[in-house]
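Produce the entire structure from the sequences given, and follow the hints as far as they go.
So the sequences go chain by chain: A and B.
Counting in my numbering, the first sequence runs from 198 upward without gaps.
Counting in my numbering, the second sequence runs from 81 upward without gaps.
Treat the hints as calculated values from the structure; they're not laboratory data.
These figures come from a predicted structure and were not determined experimentally.
Beta carbons are placed, not taken as given, at the ideal position from N, Cα and C, and that holds for glycine.
Accuracy of the hints is not assured; some may be wrong.
As the list claims (entries may be wrong) - No farther apart than 25 Å at their CA atoms in a straight line, the calculated lysine to any residue pairs in the SDA-like style are these: (1) B/K190 to B/R171; (2) A/K219 to A/A379; (3) B/K267 to A/T316; (4) B/K190 to A/K219; (5) B/K190 to A/A379; (6) B/K190 to B/L201; (7) B/K267 to A/Q301; (8) B/K190 to A/W396; (9) A/K219 to A/S350.
Said to hold, decoys possible - Here are some chain A residues the structure puts well away from chain B; computed CB gaps all over 12 Å: (10) V222; (11) L235; (12) L256; (13) V295; (14) L372; (15) L393; (16) T394.
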Amino acid sequence: MMWSWIPQNWSQIWHLTWENLKLGVLPALYGLIISLPLGVVAARWRWIYPPVLTVVNVLYAIPSLALFIALIPAFGLTDTTVIIALTVFSLCIILPNVPPSVRQAATAMGYGTLRRLVTVELPLAIPVIIAGLRVSVVSNISLASLGQLIGVSSLGYLFIDGLQRDFPTEIYVGLFFVIVLALVCDLILVAIRRVLTPWQPRRQRRLERRLPLRRVTA
Amino acid sequence: MITFEEVTKEYPDGTVAVDALNLEVPAGKTVVLVGPSGCGKTTTLRMVNRLVEPTRGRILLDGQDIREQNPARLRRGIGYVIQQTGLFPHRTVEDNIATVPVLSGWARGKARDRARELIDLVGLDPALARRYPYQLSGGQQQRVGVARALAADPPVLLMDEPFSAVDPVVRASLQDELISLQNTLQKTVVLVTHDIEEAIKVGDLVALYRPHGTIAQFDTPERLLGDPVDDYVAGFVGFDRGIRRLSFFPSAGLELSPAPVLSADATVAKAQATGEPWILVADDSGPRGWIQATRLGDHPGGTSLGGLTAEGVGHTFRAGIDSLRAALDAAVLSPSGQAVAVDDEGRVVGVATFDELRAAIQAADAADTAGISGAGRAREAVPADNSKKRPQAATPESSGSESSGSESSGSGSSGTESEGSEPSGARP
Chain A
198 MMWSWIPQNW
208 SQIWHLTWEN
218 LKLGVLPALY
228 GLIISLPLGV
238 VAARWRWIYP
248 PVLTVVNVLY
258 AIPSLALFIA
268 LIPAFGLTDT
278 TVIIALTVFS
288 LCIILPNVPP
298 SVRQAATAMG
308 YGTLRRLVTV
318 ELPLAIPVII
328 AGLRVSVVSN
338 ISLASLGQLI
348 GVSSLGYLFI
358 DGLQRDFPTE
368 IYVGLFFVIV
378 LALVCDLILV
388 AIRRVLTPWQ
398 PRRQRRLERR
408 LPLRRVTA
Chain B
81 MITFEEVTKE
91 YPDGTVAVDA
101 LNLEVPAGKT
111 VVLVGPSGCG
121 KTTTLRMVNR
131 LVEPTRGRIL
141 LDGQDIREQN
151 PARLRRGIGY
161 VIQQTGLFPH
171 RTVEDNIATV
181 PVLSGWARGK
191 ARDRARELID
201 LVGLDPALAR
211 RYPYQLSGGQ
221 QQRVGVARAL
231 AADPPVLLMD
241 EPFSAVDPVV
251 RASLQDELIS
261 LQNTLQKTVV
271 LVTHDIEEAI
281 KVGDLVALYR
291 PHGTIAQFDT
301 PERLLGDPVD
311 DYVAGFVGFD
321 RGIRRLSFFP
331 SAGLELSPAP
341 VLSADATVAK
351 AQATGEPWIL
361 VADDSGPRGW
371 IQATRLGDHP
381 GGTSLGGLTA
391 EGVGHTFRAG
401 IDSLRAALDA
411 AVLSPSGQAV
421 AVDDEGRVVG
431 VATFDELRAA
441 IQAADAADTA
451 GISGAGRARE
461 AVPADNSKKR
471 PQAATPESSG
481 SESSGSESSG
491 SGSSGTESEG
501 SEPSGARP
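Take a look at the structure:
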């Protein structure tokens with residue numbers, strides 16, 4: 198471990214961390230933007246849910262490197278390729294899980310469909326949405342390092358460079374920053390959820406436990 | 081007024097939930113739909129606010145077909161309370177209550193003020209206004225549910241098993257509260273329950289359903305207990321309906337005898353002179369106890385009654401206020417077989433024997449059967465005055481509801497959540 202290497206290369210580490218952060222967060226947000234309407238539609242017309250889920254699962258099964266390579270002809274060796282691929286892995290169909298009694302009460306009080314969706318169902322889905330984002334963001338941050346294999350800069354650079362130069366310090370630093378980045382993002386998401394859902398009992402967050410952990414695809 | 085005209089609800093699989101129903105819910109009255117599960121009572125209720133659309137027939141609200149109105153607007157004029165409360169978990173108590181006013185376009189401040197009024201009306205602690213539903217006990221949540229339904233002051237209130245999910249003590253206090261609210265607000269209430277006791281307690285009229293969406297009997301609770309149309313109804317209202325029906329007969333007509341009542345300083349000789357088999361010793365604070373006449377002989381004639389051992393009174397009833405059921409109960413529990421009547425301050429006003437009770441019951445029964453309103457409430461469907469002043473029965477429910485503050489302790493919520501304990505049964 199060569200500690201002096203760190204301050205000497207600080208600006209590069211910082212730059213790579215920032216790139217890695219972008220590759221982790223943006224796909225998760227795009228994934229959410231695509232998944233949310235799908236979830237709303239699937240909650241409304243239940244028969245849509247099983248086929249959509251099957252398609253999403255098949256997409257998860259594609260190795261990420263294979264997906265990068267498949268996208269290169271269209272988007273080249275760019276950020277876009279990595280972001281699109283990771284967006285695919287961030288799809289997470291969330292069914293707004295509103296207790297039937299709450300839905301019924303809302304209807305019976307004179308809510309229209311759209312207003313009920315926006316002011317009742319979506320706010321109640323926040324815990325599940327954030328739980329989904331946590332899984333996506335953390336797995337994307339780790340998957341983003343693979344982007345380096347097609348030349349898109351991320352903390353993955355430190356792994357490849359360290360390996361080629363037989364310089365373990367660089368690999369350790371890369372690993373450390375990936376983990377710290379993932380942890381920090383996760384904590385921020387938890388904090389956001391706390392702020393947005395003061396109405397949740399502190400101890401039991403049953404909604405989240407219902408969401409199965411997604412397998413990280415490599 | 082809500083009118084059902086030949087209303088049928090048939091599901092695509094052929095199940096008939098409601099079968100050619102004709103029913104009239106008079107304005108300002110509480111009509112209870114009661115029956116076994118799957119009898120169509122909830123379907124009937126949900127057709128009123130168009131959560132369920134009838135297959136055939138029509139439903140009129142104050143003479144207007146409900147299908148002519150936009151469903152959302154129709155629903156804002158109809159309060160709705162359900163068993164699971166359906167409170168919005170992400171909104172505070174006051175915002176939950178303000179839901180319909182806000183939907184109807186009130187300014188937020190005005191809607192909040194209205195919510196505060198209702199918090200007071202349903203007997204909730206104002207400190208709960210900023211809490212979230214998960215922080216409330218079951219009984220408190222149900223009160224919020226009722227307040228929310230009443231927020232926009234709708235003329236009609238639909239209640240679907242509103243009190244089924246809370247424990248018996250809380251349920252009794254919520255029922256009492258509903259009756260007293262109804263006395264002031266006079267909403268047109270349709271309440272669904274599977275509990276015949278609840279139906280009899282809160283209903284001005286009760287519609288008892290048969291299993292497949294037809295009504296077996298639509299009548300006042302007194303008539304349902306006193307004159308069931310068939311064995312099905314008789315079976316449903318229960319085996320002790322004769323005694324329960326006495327709840328509807330006031331004790332005002334009961335003849336009270338002051339003869340056996342003596343003060344503590346009266347002498348044994350005076351007691352013997354009355355010729356009564358039992359002597360009730362009483363003072364200004366109330367009855368002290370019964371002494372059997374045969375035991376008096378053991379003591380010199382000059383002994384004052386206060387010095388003798390007396391047997392407990394058991395149970396008293398308030399003359400003219402409580403029902404004949406309470407009086408009968410007092411007689412059954414009394415060692416002398418005589419019911420002790422007291423006034424509002426608890427002072428003894430007289431006693432009644434079984435013979436006098438029987439006479440009073442027969443008189444009340446005769447008056448009721450003759451259709452004279454001698455039974456406190458008219459048996460005809462729509463009495464002119466809307467007050468639901470009912471003689472109070474000495475049932476376990478009503479005695480339970482008198483213990484105030486029992487709600488939060490009874491509902492089993494944990495310490496912090498119930499700290500704003502409710503002034504439950506405390507309201508008169």
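Indices of hints not satisfied (ascending): 3, 4, 5, 13, 15 and 16
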